[in-house]
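Colleague: Letter by letter, the chains look like this.
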Amino acid sequence: MLIYKATELVNFAQGDLLMLGAFVAYMAVAWWGLDYWLSFLIAALVVGAFGALLDMTVLRRVIGQPQFAVVMLTIGLGAMFRTFASVTWGSEIYTLPTPFSGVTQIAGVTLSHQYLSIIAATLILCSVLYVFFSHTRVGVAMQATSQNQLAAYCMGIPVKLIFSLVWAISAAVAAAAGILLAPVTLIDTNMGLAVALKAFAAAVVGGFGSIPGALAGGITIGLIELYAGATMPEGIKNTAPYIVLLIMLAVRPQGLFGTPVRKRV
Amino acid sequence: MRFLFKTAYEQDIRLFRDGTTAAWYGVLAVIVLALPVLMSRYYIGEITWVFIYGICGVSLMVLVGYTGLVSLGHAAFLGIGAYAHAFFLQHGVPWVASVALAVLITTACGIIVGLPALRMTGIYLAIATLAFAVIIQEVFTRWEAVTGGFAGMAVDKPVIFGLHFDSEASFYYLCAAILALTLVLTQNLLRSSTGRAWVAIRDSEIAAQSMGVHLPLYKSMAFAYSAAVMGLAGALFAHKIAYLAPDIFSILFSIQLLLLVIVGGLGSLHGAVFGAIFVALLPPTIAILRDAIPAAMANFASATGIGVIGTIGRGIGEFLKKPGVEAGIFGLILVLVILVEPAGIYGRWVKLKLFFSTFPMYKRDSFKRQKNYMRSERLR
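Same order as they appear, the protein sequences are chains A and B.
Using our numbering, the first residue of the first sequence is number 1, and each one after it goes up by one.
Using our numbering, the first residue of the second sequence is number 1, and each one after it goes up by one.
Chain A with its partners taken away, still in its complex shape (with noise of 0.2 Å):
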């Protein structure tokens, strides 16, 4: 699944994010016994509050200091997720429950209803976030406050607030990814991490900040990662994307459809 970065908040807690989300709405599913689509907003609403006051409270805190120290922090509090999460629930293997089943055929190609459902809910969380970005007064709000901090509050920018929003809305984000990957990878504690680094060499292969570059770069990887598996020998297809992903910051660090970098001083 894809991170979008939009925000220059590189979040390593995003993987554990993507599990709560999840697991919330394996909860509200089988325990509750709720509806698959209201369990779905209830996870998304949740782990996106969740996302909110964990910058209220902690990411806040280090607003102004290298992106290094933000980096460290979401480690640290993904590694916290993990341990509540395994505490909580334990570390059995648990199944998702989906509306979608069968198959259908499509120009000779079988697919079945879970993998047109993931796709489908990609394409239009995408372009639901990329209109978001580019068209909302909000959305340039987040993107002038990315850029500088200083500047987009001497505009007016409430940057506290444009912060736990962007801080929510990732979240949310990870938790609906969460819920559609679970009946692909089922769902356990450790899940996210796996995702979480692929995700990271989707993101760069498409470039930082760009919701299309993510989106292309999370096919590439995915595409790679598949030929690799069908015809390279075995154990080269868990690394292909990491190969591509060191040429790739070897060659076009800015990705596929990144902005070129100008230094200036």
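Source of the hints: derived by calculation from the structure; they are not laboratory data.
Among the hints, a few may not be true.
Some chain A residues close to chain B (C-beta under 8 Å, calculated; not the full set) [claimed, not checked]:
| # | residue |
| --- | --- |
| 1 | Ala49 |
| 2 | Met72 |
| 3 | Leu77 |
| 4 | Arg82 |
| 5 | Val87 |
| 6 | Leu123 |
| 7 | Leu125 |
All C-beta atoms, glycine included, are put in the ideal place defined by N, C-alpha and C.
Take the given structure of chain A and dock chain B to it, following the hints.
Modeller: Frame of chain A, contents of chain B only:
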């Protein structure tokens, strides 16, 4: 507060600031030498871990703390050093030569990783090193001819020039000596023009470049030196752990190493050692607390007659026994350190010292840090 007026160049380039400082380090050396006589074998083993982590800390401190290049893949270098050393030992290479070869190989790997890193900064570099670590871990798993794959690889006790380092105490001295050697070497390097160039790169690449620092050369040197020290640590690590398996050198281990330098305090060799003490001794401390807290709280409960405290104590004990809690505690400490004391343990130590030496005049703002709200790396 004492001021030191330097009147000669020799005074300026001395390893220790003055006689008092040298004497304190002497005391420390005596304590380190005396510890194996005083303590049980279990604790000697744990302190040996402190030394090995200390060498890792020095390696990462040079790269992250002094040159400002963040690496999320240093466990890979440690693994390369460990596997190379174990491989050469198995093929009958003498210990010293084997360590030298292992260090050479890790240095070469460091330079190779450093090459693409020359074009990247900040988060991109961290991700690139992360990718490198994942690839290397896969290589450890798959290259069974050398590494033994998942089956693992046994490592014998070191034998140097016919001397057997079989006992816990002898290996303790070996690790202590190598750590001391590494520290002196690194301290000397950091005092030289190379070290100053690294610090200049950390503080501002553009300024460093303007002053005539050859960026690619010095960044490669930082990577090479860091990898070399890591390879050395890897060789000792292999002996200490006695059995190598690919899943030891995971990303979580790299993160733990990064935690080490951050908790210790970025930008100081003291910090590397403080961080090593912390990271190496936290797991045994948790293990001790696991049994001690419930027992102590049960005693307290029976003494005061409040039953709830005993129940809470049992609950804490149960909680600490669950798998994965240790990682969470590491995470919690990382978060707290970044929020409360970004300068780490060593930063706190410096503040304490200043507090007492300037006693009634201590100003909190002496350590205030400049905040930067122009955070975008895209437009820099």
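Colleague: Using 8 Å as the Cβ threshold, decide whether Leu125/A counts as touching chain B.
Modeller: violated (23 Å)
Colleague: Is the shortest C-beta separation between Val87/A and chain B less than 8 Å?
Modeller: This hint holds: Val87/A lies near chain B, its Cβ roughly 5 Å from the closest one there, short of 8 Å.
Colleague: Would you check whether Met72/A satisfies its interface hint, that is, whether its CB is within less than 8 Å of any CB in chain B?
Modeller: Holds. Min distance 6 Å.
Colleague: Using 8 Å as the Cβ threshold, decide whether Ala49/A counts as touching chain B.
Modeller: violated (20 Å)
Colleague: Holds or violated: the hint that Leu123/A contacts chain B, with Cβ atoms closer than 8 Å.
Modeller: Given a least distance of 26 Å, the restraint on Leu123/A is violated.
Colleague: Go through the hint on Leu77/A and say holds or violated, using the shortest Cβ distance to chain B against 8 Å.
Modeller: For Leu77/A, the interface hint holds, since the closest Cβ of chain B sits about 6 Å away, which is under 8 Å.
Colleague: Quick one, is the Arg82/A hint okay against chain B at 8 Å, beta carbons?
Modeller: holds (6 Å)
Checked against the numbered hints above, the structure breaks hints 1, 6, 7 and satisfies the rest.
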